[in-house]
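Enquirer: Sequence:
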Amino acid sequence: MDVKRQTRIGTLLREWRLRRRLSQLDLALLAETSTRHLSCVETGRSHPSRTMVLRLSTALDVPLRERNTLLVAAGYAPEYRESGLDDETMASVRSALDMMLTSHEPYPAVVVDRYWNVLTGNRAMSVLMDGIPAALLEPRPNVYRLVLHPDGLSARLANPDEVRALFLERLASQTNATGDAELRALYEEVRGYPLPAGGRGAGAADEKAARPGPIQVPLRIRTPFGELSLFGTMATFGAPADVTLSEMAIELFYPLDEFTARTLRALAAA
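Note that the sequence shown covers residues 0 to 269 in numbering that gives the first Met the number 0.
Some hints could be false.
If you anchor each label on the Cβ, the simulated ranges turn out as follows [as the list claims (entries may be wrong)]:
1. 22 with 172: 17 to 27 Å
2. 129 with 18: 38 to 48 Å
3. 196 with 83: 20 to 30 Å
4. 125 with 42: 49 to 59 Å
5. 34 with 137: 43 to 53 Å
6. 180 with 224: 35 to 45 Å
7. 34 with 94: 42 to 52 Å
If you're looking for bench data, these hints aren't it; they were derived computationally from the structure. Note that beta-carbon positions come from the ideal geometry of N, C-alpha and C, so glycine has one too.
Please build the complete structure, drawing on both the sequences and the hints.
Expert: Okay, here's the thing in structure tokens:
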């Protein structure tokens, strides 16, 4: 059993090192250990201490969930707890989220987990969710399905091909960085979605699309009130010690032009 455990933890650490495109020397320097010891750990000839597993995990920028996996594979107890968002210990986090979402109105904001499932959002998100069929909202809305599915927001985008390329690139990068099988499955699913019927959206002849701006690919949404242009920023919690918190992100949308800002303010007032 000990030999199998040593081989298992060594194999996992090697996979993470290769995923980060580091040599054994690179990783040894980052973790302040020797290449000889690292080589012995990877080949199963040496068993790493709990401290060494954590040092290597930090040097490899391994997510907290996977750090627990590495510790268990090495025969140690997990280091990081995984709390539910409704737990009493997360009360301050919920308060912070509520404050961020509410204060961001009249502009949309949404909280997502590691797999881009929507945990909560503010009232202004109704601008983006309008007309989304119930099938895409159950059992839990997913940002990538909501945006890229031909029956979702993609059908109302003036630039669906550009948004599709951007979203797929972002998801592929996250999948490659984490090696997560569920993210890979999500990527393969949404990559197979066709563009909505009616063409590929704005092209070079579109004067507005060709106009230079600070954001390369905004969300250009057709609404009954006119075309709204939004761009997003991502916020995360600093130095999390909880798996749930480390995997949570807040996406905040901002207007790209005065017409969008004025329209969102008017909708909120109404």
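Enquirer: Hint by hint, note whether the structure agrees.
Expert: Results of checking the hints against the structure:
1. 22 with 172: 17 to 27 Å: holds, 22 Å
2. 129 with 18: 38 to 48 Å: Given range 38 to 48 Å: holds, Cβ gap about 40 Å.
3. 196 with 83: 20 to 30 Å: violated, 41 Å
4. 125 with 42: 49 to 59 Å: Given range 49 to 59 Å: holds, Cβ gap about 56 Å.
5. 34 with 137: 43 to 53 Å: Distance hint for residue 34, residue 137 holds at roughly 51 Å.
6. 180 with 224: 35 to 45 Å: About 42 Å separates the Cβ atoms of residue 180 and residue 224, which means 35 to 45 Å holds.
7. 34 with 94: 42 to 52 Å: The hint (42 to 52 Å, Cβ to Cβ) holds, given that residue 34 and residue 94 are roughly 47 Å apart.
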